[in-house]
Amino acid sequence: NAGVTQTPKFQVLKTGQSMTLQCAQDMNHNSMYWYRQDPGMGLRLIYYSASEGTTDKGEVPNGYNVSRLNKREFSLRLESAAPSQTSVYFCASSGLGYINQPQHFGDGTRLSIL
Amino acid sequence: DQQVKQNSPSLSVQEGRISILNCDYTNSMFDYFLWYKKYPAEGPTFLISISSIKDKNEDGRFTVFLNKSAKHLSLHIVPSQPGDSAVYFCAALSNYGGATNKLIFGTGTLLAVQP
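Residue numbers (this note's numbering), protein chains in the order written: chain A, 1 to 114; chain B, 1 to 115.
The shape of chain A in the complex, shown without the other chains:
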């Protein structure tokens, strides 16, 4: 059971380049999330998708776009990367909240922007 799978695990970009981080879950979860983790900042929500076909902004959405491709996949795109976007990015998924289902996380993508 893979859970939440993120690709790639590591990436180095130059300022201004674009890239898409991929995330897929095999737990039939409705909701998916993208976070970034920076030193001393904890995890901050970038975007989330409550269900297939819907996306909403989180705490730090500027500079990012997302696509909920289907129920399994939720991608995060950086259109023009900036050094401030150097971070570790985590994707997560969860079932419906009232069933008391905590979020399950992938192992992260470590992104460096030069």
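It is possible that part of the hints are untrue.
Derived, one-sided and incomplete: chain B residues facing chain A with beta-carbon distance under 8 Å [as the list claims (entries may be wrong)]:
1. P40
2. E42
3. F89
I should point out that these hints are in silico values taken from the structure, not numbers from a laboratory.
Glycine included, every Cβ here is placed at the ideal spot set by N, Cα and C.
Position chain B relative to chain A; hints supplied.
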């Protein structure tokens, strides 16, 4: 403004003793709280949670206490084991039971359990 605060960046305890990790929050609308554990190069994993209608929840060696009047929660690990060495994140959410759980995370506490 940090709504969930973990004021101790690190904590060191001896194996077999109790570890107490603390978390404070400012938003009185939070109604559900969770603790996640994170090893290096891995994603956070869910550890234990508590609803705001309770003041204690226990799961094996892990117990979470909630003091709503003080807006404070703590995670107790008894007895501590070397495998517990990790970063522990406190997280909170409001509108629990809604379609989406939007978590607010603290900054984490690095626990080191010395053999």
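How the hints compare with the structure:
1. P40: 10 Å, violated
2. E42: Check passed: Cβ of B/E42 comes within 5 Å of chain A, closer than 8 Å.
3. F89: 6 Å, holds
Taken one by one, the earlier hints fail for this structure only at number 1.
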